[in-house]
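Undergrad: This is what each chain is made of:
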Amino acid sequence: MTKQKQPEKKKGTLKRLLRYLAPRRKRLFLVLLATILSTVFMILGPKVMGDTITEVFEGAYARLTGTGTGIDFGKVGQMLLFLGALYVFSSLFTFLQQYLMASVAQNTVYDLRADIFKKLKKLPLKYYDGHSHGDTLSRVTNDIDTIGNTLQQSLTQFISSVVTLVGIIVMMLTISPTLTLIALVSLPLSVFAIRPFLKKSQEYFSKQQNTLGNLNGHIEEMYTGHQVVKAFGQEQQALETFDDVNEDLYEAGRRAQFISGIIMPVMMFIGNLSYVLISIVGGILVTQRVIAIGDIQAFITYTRQFNQPINQVANIANIIQSTIAAADRVFALLDEEEEIPETSSGEIVQADGAVTFEHVAFGYGEELLMKDLNIDVKPGQTVAIVGPTGAGKTTLINLLMRFYEVNSGSIKVDGQDIQSMSRHDLRNHFGMVLQDTWLFNGTIRDNIAYGKNNASETEIIQVAKAAHADQFIRTLPDGYDTILNEDASNISQGQKQLLTIARAILADPPIMILDEATSSVDTRTEVFIQEAMNNIMEGRTSFVIAHRLSTIQGADNILVMDQGNVIEQGTHEELLAQNGFYADLYNSQFAEEQTG
Amino acid sequence: MKLIFKKLSPYKWLIALVFVLLFAQAMSNLLLPTLMGNIVDNGVVAGEIPYIWKIGGVMLGVSILTVAVSVLASLYSAKIAMGHGRDIRRDVFRHVQTFAMKEFDELGTASLITRTTNDITQIQQVMMMMLRLVITAPLMMIGGIIMAVSKDAKLSLVVLGVMPFLVLAIVLIMRKGMPLFKAVQKRLDKMNLVMRENLTGARVIRAFNKENTEAKRLKEANGNLTNVLIKVNKLMAFLMPLMMLLMNLTVVGIIWFGGMRIDGGSMEIGDLMAFIQYVMQIMFALVMASMMFVILPRAAVSANRIKEVLDTDPSITDQVEAHRSTAAATGTLEFDHVDFYYPGAEEPALTDVNFRSNPGEITAIIGGTGSGKSTLVHLIPRFYDVTNGAIRVNGVDIREASQAEVRSKIGLVPQKAFLFTGTVAENIRYGKDDATMEDIQRAAKIAQADDFISKMEHGYDTKLEQGGANLSGGQKQRLAIARALVRRPDLYLFDDSFSALDYKTDAKLRQALKEEVTDASIVIVAQRVSSVMDADRIIVLDHGKVDGIGTHEELLESSAIYQQIVESQHGEEETA
Chain C
1 MTKQKQPEKK KGTLKRLLRY LAPRRKRLFL VLLATILSTV FMILGPKVMG
51 DTITEVFEGA YARLTGTGTG IDFGKVGQML LFLGALYVFS SLFTFLQQYL
101 MASVAQNTVY DLRADIFKKL KKLPLKYYDG HSHGDTLSRV TNDIDTIGNT
151 LQQSLTQFIS SVVTLVGIIV MMLTISPTLT LIALVSLPLS VFAIRPFLKK
201 SQEYFSKQQN TLGNLNGHIE EMYTGHQVVK AFGQEQQALE TFDDVNEDLY
251 EAGRRAQFIS GIIMPVMMFI GNLSYVLISI VGGILVTQRV IAIGDIQAFI
301 TYTRQFNQPI NQVANIANII QSTIAAADRV FALLDEEEEI PETSSGEIVQ
351 ADGAVTFEHV AFGYGEELLM KDLNIDVKPG QTVAIVGPTG AGKTTLINLL
401 MRFYEVNSGS IKVDGQDIQS MSRHDLRNHF GMVLQDTWLF NGTIRDNIAY
451 GKNNASETEI IQVAKAAHAD QFIRTLPDGY DTILNEDASN ISQGQKQLLT
501 IARAILADPP IMILDEATSS VDTRTEVFIQ EAMNNIMEGR TSFVIAHRLS
551 TIQGADNILV MDQGNVIEQG THEELLAQNG FYADLYNSQF AEEQTG
Chain F
1001 MKLIFKKLSP YKWLIALVFV LLFAQAMSNL LLPTLMGNIV DNGVVAGEIP
1051 YIWKIGGVML GVSILTVAVS VLASLYSAKI AMGHGRDIRR DVFRHVQTFA
1101 MKEFDELGTA SLITRTTNDI TQIQQVMMMM LRLVITAPLM MIGGIIMAVS
1151 KDAKLSLVVL GVMPFLVLAI VLIMRKGMPL FKAVQKRLDK MNLVMRENLT
1201 GARVIRAFNK ENTEAKRLKE ANGNLTNVLI KVNKLMAFLM PLMMLLMNLT
1251 VVGIIWFGGM RIDGGSMEIG DLMAFIQYVM QIMFALVMAS MMFVILPRAA
1301 VSANRIKEVL DTDPSITDQV EAHRSTAAAT GTLEFDHVDF YYPGAEEPAL
1351 TDVNFRSNPG EITAIIGGTG SGKSTLVHLI PRFYDVTNGA IRVNGVDIRE
1401 ASQAEVRSKI GLVPQKAFLF TGTVAENIRY GKDDATMEDI QRAAKIAQAD
1451 DFISKMEHGY DTKLEQGGAN LSGGQKQRLA IARALVRRPD LYLFDDSFSA
1501 LDYKTDAKLR QALKEEVTDA SIVIVAQRVS SVMDADRIIV LDHGKVDGIG
1551 THEELLESSA IYQQIVESQH GEEETA
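Here the protein sequences come in this chain order: C and F.
Position 481, counted from 1, in the first sequence is what the numbering used here calls 481; the numbers after and before it change by one each time, with no gaps.
Position 61, counted from 1, in the second sequence is what the numbering used here calls 1061; the numbers after and before it change by one each time, with no gaps.
Bound conformation, chain F alone (with noise of 0.2 angstroms):
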C-alpha cells in the first residue's frame, strides 16, 4: 500500500487542491447549521422576519458556493484517481518488459496479466473512493471541531470527549477485520480454484471415478469461505450500530449540557440546535467512511500483487559501460564450454557445451524431452544468462553487448508460433519495421508461406484473429518462419519450428533456406532426424550433456543415443 501512495506523489498539488476544496466544501456545509441557528436566535426569538430572510439568501449562497467546491473538486480527485491509476499501469507494464524469462516462468503469465489489468483497475476504484468519501469525513470531524468549538468552547467538550471513544472503537473492529476481510479473498480464490479445476477436469474426475473427492474438495472451500463470511458480518454488525448510539448519546449529552449553559445564559438556543447538526454531519461523514472497511482490505491484497511485480529486479541488465564494436566475426556463433543451470535448481540443464558455426553453416540439435534443447537455444537471445562459459555471437561475449543489440542480430522463431493481432504483412513486418512488401513476399516465399497466403481471400491483408486462431498449426509456423526471415539476421535460432509441417514442405523449406542463407549462422532444433540429416554439425543431447557432436554419418558411427533415434524413426519409414 505504502508504495501505492508514493506513486501519488506527481500529484501532490492537486492533491492538497482537492483537501482544500472538500474542506471548503464541509465548512461551508457546516456554515448552514450555523447559519440555522443565527435565523432562531435573532430571527425566530426576536421575531424578526426580515432577518429571517436575509440570512436565508445567505444560506442559499452558501449553498451555491458548496456545489461549486464539490464539482471542482469532483473534477480534480477524477483526475488524480485516473491519473494515479494511469501511471501505475504504465510503470508496471515498462517494469515486466524489462523481464526476463526467468521472472515470467516465476510470476506466471496469467498472473501477471491480471495483475497488470484488474488489480490496477481495483487501486484505481479505491483511490477514487477515497478522494470523494473517505477523507471527506476527517475533514468534516476536524471542521466540525472548529465550528463547534467556536461556537462555544466548553460545550465542545462533550464531542472531544466522545471522540476518542469513536476512534478506538473503530480501531478495534479493524484490527479485527482486517484479517477476516483477508481470509475471506483467499477463501473465495480458493473456491474458484477448486470450481474451476471441477470445470476443465470433468473427464478426468469422472474417468478415475473421483466425483466424491471432489464433491468433499468442494464443500471443504464453500464451508470455509461461508464461514469466514459469516465471522466478517457479524462482525461488522458491531460498527454501523455502535457508531450511531455513540453520535447519538453525544446528541443527548449535548441538549443535557446545553440546557445548562443556556439555563445560565452563556448560550443562546440557535446555538444549541447548530451543534446538534455539527454532530450529526460529523455522524454522517463517519457512515460514508466505513465504507472504506469493506474497500480497503481487497486493494490493500490489490496493491500488494503489484508491489510484488515491482519488486522483482529483472534477472538480466544490460552492462552499462559501453558495447564494443561488433564487426569482428559476423554471422558465427560460438558456445565456449556453456554451463547452466535454471534458478534454483541442483542439477544442470546444460553442462560444457562447446561448438563454433560459421557463416553459411547449419548447426542442429536433437535429444529427448527435458534434454535441454530448448533451454540452449534460448540462451543465445540471452533469455537467461550462462553460468559458466561464455556465448559469442559476431565473436562478441553476449554478455558484454545489450540485449537489444543482441537480440537484432537474431532471427528467432519460437516453438509457438505467437502471431499478433493484425494482417499478415503485418506479423512478418515485425522483424523489420521498415521491409518492403517485396522484402515481406520473398520471406514468405522461403518460408513456403506464400502459397496459402495467396490463396486467402484477402491475401497478406488478411487479419489473423488473436494468436493467429484462424490458421492451422504449420501455417502459423510458417509465418513466425517469415517473420525471422524478413529480418536478415546474422543468426538464424529455429527452436523446433518445423514440427507442424509436413515432411515434403519441411524438406522444401530447408532446401531453401540453405540456397537462401549463405552470411548467416542456423541453429535448428528439431525431433525428425530427416530435418537435421543433411546439416553441417548435429548435436546430440542427452540430460543437458553432448552426447556427440558431427554429421549424421559419424554420429551413427559414435552416438548410440543418436543410433536409437534414427532407428525408432528409421524404422517406421522403412516398413510405411
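In isolation and in its complexed conformation, chain C is listed as follows (with noise of 0.2 angstroms):
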C-alpha cells in the first residue's frame, strides 16, 4: 500500500464505522448535546463558586472593617441556589448521556457482531481451512470489544475532554490571564517529564510480557504432559523450572510496574508545584486587587479538572488508531469473499446416488491440481479413495459437497449437476463422518440428534446402538443427558467417533462420505462398526478414504490419488494387473501384513 493510500483507507474505514451508528444517530445527536451541557454547567460551576467565596468574604471582611454590616445570605443563598441547579444539571445531563449511550453503543456492536455471524454461514470453506481460529474469534472478543469501549466511553469522553479544555482555559483567562499562564506551563512540563519513565516502563513491560510467555509455555507443556512427569518421577524438577522462571517474571513485572507506578507521582507532582505557584501568585494578586479572592479558589478547582481531559486527549490519537485497527480487522473479516449466491432447486427428491465426475479440474489459483477426472458411480456402489497424505483425498469429499467449487467440468448427482442445486439441497443427500470428530458442548443426546430435525428418543437410541455407543453411554453416570464438556474431553476418541457415527446414521442419507473414520477406533469395535457401516451403506452409495485393507478390497472402485490428482482408478484386481502406482502402494503399506 502507498503512502497516499493510507490515510484514505483510514477515512474509509472510520466512515464505515460510522455508518454503523446512523440508525442510532437520533439517539446519538442528544447523547452529544447532553454531553456538551453537562461539560458546560461543570465548567461553570468554580466560577460561580469563587464569586460566592468572594461575596462571603468581602462581607465578613467588610463588616471587620466596619464598612458594612456582614454576610448578605440572601445574596449568597440566590448563588448557591444556582450553584447547585448548575451542579444538579451537570449531574443529569451526565447521567442522560451515559445511560443514552449504553444502547447506542451495545446496540451497535451488537450490529457489528450479527454482521459477522451472518458473515460466517456465506464465507467459503476455504476460508475456515485458511485462516487460524483463534485469530478469527479475536476478531469478534478482542476488536469488537475495542470497538465498544471506544464508543461507550472514549467518545464522549473525548467531546467532554475538548469542551472543558477549551471552557476551562477561557474561563481562566478571563479571571486572570498571568494564573493561566502559569497553569498552562506545567503541562508541556509533565508531558516532558514523564517521556523517560514511560520509555523505561515499555521495556520492563514487554519483559515481563516475554517471561510470562515463557512460563505459559512451561505450564502448558508440564500439564498436557502430567502423565508423563509423574510417570517419570519429574515433578521436582518440573517445579524448579517453574520457580525460576516465575520469580524472574516476578523481577521483570516488579520492576515494570514500579516505573510505571512512578508517573502518577510525577505527574501529581507537576500539577502542585502549579498549586503552589498558584497559591503564590494568586495570593499576591489578591493583595494587589487584580483579582478576588474566590478567583483563586475556582482557579485552584480549574487546574485540578484540567488533568484529567488533557490525559484524555493525548490518548485519543492512541485510542482512534487502535478502534481503527480493530474496525480495519472486523471489515477485513466482512469483506472477504463469499460462496458463490445460488440457485435453489425448489423440492428436495431423496437421490438414488449415482454420482458423475465429467472433466473435472480443479486448483488453488492458477495452477490445477486435479486436472480432467473422470468417474462414474452407480447408486449403491463403493468407492475407496487411497493414496499418501496430502495427495487430496480430503479435496475430493470437498468438491463432492461443494466445499469447494470446480475449476471447471462438472459433478452430477443423480444427473444433475451439483452446481445447479442448492448446497443446502446437496448436502441433505450426504451424510459425514470425519476423522477430526467434532462435537458441540451439550448433551450426548443432542449431539446425536444434531444429524437429524426433531428425531425422538427411540431413533436416537436405535441409531446409538447400531454404532455400538449404546452401551458406553450407559455407563456414564448421567447416561445420555451427559454434557460433553467444551472439548469434550470428558469422552475418549473412540467414543466421540462412536458418537459421530451414530449422528450420520440419523441423518440417514442415500450417499455416504466416511473420512478416515475408523481409524481411532480398535480392532473389535471396528469390526462390529463396520457390520452397521456394511448395513447403512446397502442402496447407499458411499466414499470412504480408506486405510483398511478389507474396505479397499471390497470396494466396486478405487481411486488412487497423488498429489491432488487422480492418477489410477479401477478394482483392486485391475490396478494391482497395472503394477503401477497403486501396486507400489500397496505393497509398501500393506504386505507388511502378511509377514507380521
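Everything labelled a hint here was simulated from the structure, so no lab data went into it.
Misleading hints may appear alongside valid ones.
[As the list claims (entries may be wrong)] Keeping only pairs whose Cα atoms sit at most 27 angstroms apart, straight-line, the calculated DSS-like set for lysine-lysine is: (1) K122/C - K1219/F; (2) K1231/F - K1186/F; (3) K1102/F - K496/C; (4) K1508/F - K1445/F; (5) K452/C - K1216/F.
Can you join these two chains into the complex? Each is in its own frame, and there are hints to help.
TA: What follows is the structure in C-alpha cells.
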C-alpha cells in the first residue's frame, strides 16, 4: 500500500464505522447534546463558586473593617441555589448521556457482531481452512470489544474533554491571564518529565510479557504431559524450572509496575507545583486587588479539573488508531469473498445416489492440481479413495459436497449438476463422518440428534445402538444426558468417533462419506462398526477414504490419488494388474501385514 | 476472594507500610489546601507578601515529600502485588502437581492451564490497582475527615452528614451491579464458546445443513450478551453523576454554613477554601476507586476458579508411615483380584483381574475400545487407586509405597507419546537424569530409533518443537519407548505404544526388547494380534472382565472373543 492510500483507507474505515451508528443518529445526537451541556454546566460551577466565596469574604471583611453590615445571606443564598442548580443539571445530563449511550454503543456492537455471524454462514470453507480460528475469534471478541469501549466511553469522553479544555481556558483567561500562563506552563513540563519513565516502563513491560510467555509455555507443557511427568518422577524438576521462571517474572513485573507507578506521582508533583505557584502568585494578586479572593478557589478547582481531559485528549490519538485497526480487522473479515450465490432447486427429491465426475479440474489459484477427472459411480456402489498423506483425498470430498467449487467440468448427482442445486439441497443427500470428531458443548442426546431435526428418543437410542455407542453411553453417570465439556475431553477419542457415526446414521442419507473414520477405533469395535456401516451402506453410495485393506478390497472402485490428482482407478485386481502406483503403494503399506 | 486475600499474609508488614505511606501521601496532599488557607488568612487578608512566600516554600517542601512518599509506595506495592501473584502461581502449580488423573479429568487440562496462567495474571493486575488506587480512597476520606474536624468540627458535620448517603449509594449500586457483572462474564464465555464451535465445526455444520440452527444459537448468544451489557452500562450511568452530585452539593452546603460561621466570626475565609478542597480531593479519590466496580467482578470470577483448584484435594496421597523395603521379589507384577470403578460410575471398569508376571515375562492385554485396557495400565503407576483387591510391584502393595517410589520402578510408554521441548537426547534422558550418552544410544537402538535420529541433521542434539511436532507419530513413539528403556526399570508398561509403527519395526522392536529385558516384567497393551502373539500370557479383556488368560494357542481354543479378533485381522493378512 502506498503512503497516500493509507490515510484514505483510514478515512474509509472510520466512515464505515460511523455508518453503523447511523440508525441511532437521533439518540447519538441527544447524547452529544447532553455531553456538551453537562460539561458546560460543570465548567461554570467553579466560577460561580469563586464568586460566592468572594461575596462571603467581602461581606465578612466589610464588617471586620466596619464598612458594612456583614454577609448578605440573601445574595449568597441565591448564588448557592444557582450553583446547586448548575451541579444538578450537570449531573443530570451526564447521567442522560451515559444512559443513552449504553444502548447506542451496545446495539451498534450487536449489529457488528450480527453481521460477522451472518458472514460466517456465507464464507466458503476455504476461509475456515486458511485462517487460524484464534485469529477469527479474536476479531469477534477483542477487536469488537475495543470498538465497544471506544463507543461507550472514549467518544463522549473525548467530546467532553475538548469542551472542558476550551471552556476552562476561556474561564481561566477571564479570571487572570497571569495565572493562566502559570497553569499552562505546567502542561509541557509534565509531558517532558514523564517521557523517560514511559519509555523505561514500556521496556520492562515487554520483558514482563516475554517472561510470562515462557512461564505459560512451561505450565502448558507440564500440565498436558502430566502423565509422563509423574510416571518418570520428574515433579521436582518441573517445579524447579517453574520456580526459576516464576522468580524472573516477579522481578520483571516488579520493575515494570514500579516504573509505571511512578508516573502518577510525578504528574501529581508537577500539578502540585503549579498549585503552589498559583497559591503564591494568586495570593499576591489578591493583595494587589487584581483578582478577587474567590478567584483563587476557582482557579485551583480549574487546574485540578484540567489534568484528566489533557490525558484523555493526548490519548485519543492512540485510541482512534487502535479502534481503526480493530475496525479494519473486523471489516476485513466482513469483506472476505463469499460463496457463489445459489439457485435453489425447490423441492428435495431423495436421490438414488448416482455420482459422476465429468472432466473435473480443480486447483488453488492458477495452478491446477486435479486435471480432467472422470468417475462414474452407480447407486449403491462403494468407492475407496487411497493415497499418501496430502494426496488430495479430502479435496475430492470437498468438491463433492461443494465445500470447494470446481474450476471446470461438472459433478453430477443423479445426472443433475450439483452447481445447479443449492448447497443445502445437495448436502441433504450426504452423510459424513470425519476423522476430526466435532461435537458441541451439549448433551450426548443433542449431539446425536444433530443429524436430524425432531429426532425421537427411540430413533436416537436406535442409532446409538447401531453405532455401538449405546453401551458406553449407559455406563456414563448421566447416560444420554451427559454434557460433553468444551473440548469433549470427558469421553475418549474412540467414543467420540462412535457418536459422530451415530449422528451420521441418524441423518439417513443416500450417500455416505467416511473420512478415515475408523482409524482411531480398535479392531474389535471396528468389526462391529463395519457391520453397522455395511448395513447402512446398503442401497447407498459411499465414498470411503480408506486405510483398511478389507474396505479397499471390497470396493467397487478404487481411486488412487497422488499430488492432488487421481492417477489410477479401478478395482483391486485391475489395479494390481496394472503394476503401477497402486501396486507400489499396496506393497509398501499393506504387504508387511502378511509377514507380521 | 477470601482465599486470595489470605495469601497476602506474608506481606502484611509491607502492606502496613504501604498503608502508612499512602496515608502520608493523602495527608500531605490535604496539607496543601490547609497551607493555602493560611496564605489567604494570614497573608492575603493581612497583605503580608513575605508570609505568602514563606508558606509557599513550605508547600513546595510538602509537594516534594508527597512525591517521595508516593514513589516509595509504588515500590512496595509493586513488590506486594507481584510477589502475591508469584506465590499464588507457585501454590497452584505445586498443588496441581499432586493431582492424580482423576482431578485432571474433572477440571480439564485446558482449564487448569488458564487457571494457572490468565486467572492469576488477572488477580495480579487487580491487586496492583487495589494497592495503587482503591485503598487511597478510604485513606483520603479518613484523612479528609481528620483535617476537616481539626479545622472546624462543626462545619465538618456537613461532610459527615453526606458520607452515609454516599456509602449507601455505592453499596446499593454495587449490590445490583455485582450479579450483572458476573452475568456479563458468563454470557461472554458462552458467546465465545458458540463462536469457537462454529469455527471448528464449519464442515460438519454445513454437511448437516445446520447453518440456520447455528445462526440462531449465535444470535441468541449475541442478544443475551448485549442485553446484559446495556443493563450494566445503564446502571453504571447512575454511579458517577450521583457521586459527583453528592460531593458538589456538599460543597454548596459548606459554603452556606461556612458563610454563617464566618459571619459569626468563628471561622476564617481561608479555612472555608481549604475545606472545599478537602471535599474535592475526597471526591477525586472516590472516582478513582469506582474503577473497582469494573475490575472486582472479573477478579472474583478468577479468584473462584483458582480457589476451585486449590480446594480440590488429590485423590491419591501417600501413606504417612514408613514404606517397607522393596527387595522382596524384584521384577514381578501381581494383580490380586482387582476391581476398579471410575469415580461416580455405576458399572465397574475392571472386574476381578488376577494374574502374576515374573521377571522376563511378557503379559499382553488385548480387547476392544472401552474394554479397560488403558485403565488396567493406569492403575499400576497409581494414576488411580484400585477399588478392591491389590496390585503388587516387586511384591509390595503399591498403596503402601509412596507414589514416587512405585513410579521409580516403572518405565511407562503412554498411549500418546508426549515429548517435551528440548533435544532428542534430553527427551530420552528424561527417563533417567544421570544417563550417559552411551545409555541413551543403547536405549535408542533397542527402540529402533537410533537410525532415524542419526539421520537427522543434528542427530541426538536435534531440537524438538513443542510436543515433538517435527516428528512423525512413529518416531515420537520410538523416542517415548527409548525414554522408558533408558530407565532400566523393574516393570515396563507399553500402553498401545506400537500402534504408529509399521509391522516390520514393531516386530524388530519386540525382538530386541525380548533379548534385552530379562530381569523385568513387561506389560503390553495392543490392538494387533501380531504384537501379542508371542507373549507369555495374553489377557483378553471384554467390558472390564477377563475373558481369557493364556498363550496365543490356548486362547485360540478357549476364547471366542480372541478368535473373533484374530479372524478380523488374520483374514486381511491372508487375502492381502
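Undergrad: The structure should be examined with respect to each hint, and the outcome stated for every one.
TA: Hints versus structure:
Proposed proximity of K122/C and K1219/F is supported: the alpha carbons are some 15 angstroms apart, at most 27 angstroms. About 15 angstroms separates the Cα atoms of K1231/F and K1186/F, which keeps this hinted pair within 27 angstroms; it holds. Distance hint between K1102/F and K496/C is fulfilled; the C-alpha atoms sit about 20 angstroms from each other, no more than 27 angstroms. For the given pair, K1508/F sits about 11 angstroms from K1445/F by alpha-carbon distance, which is consistent with the 27 angstroms threshold.
For the given pair, K452/C sits about 17 angstroms from K1216/F by alpha-carbon distance, which is consistent with the 27 angstroms threshold.
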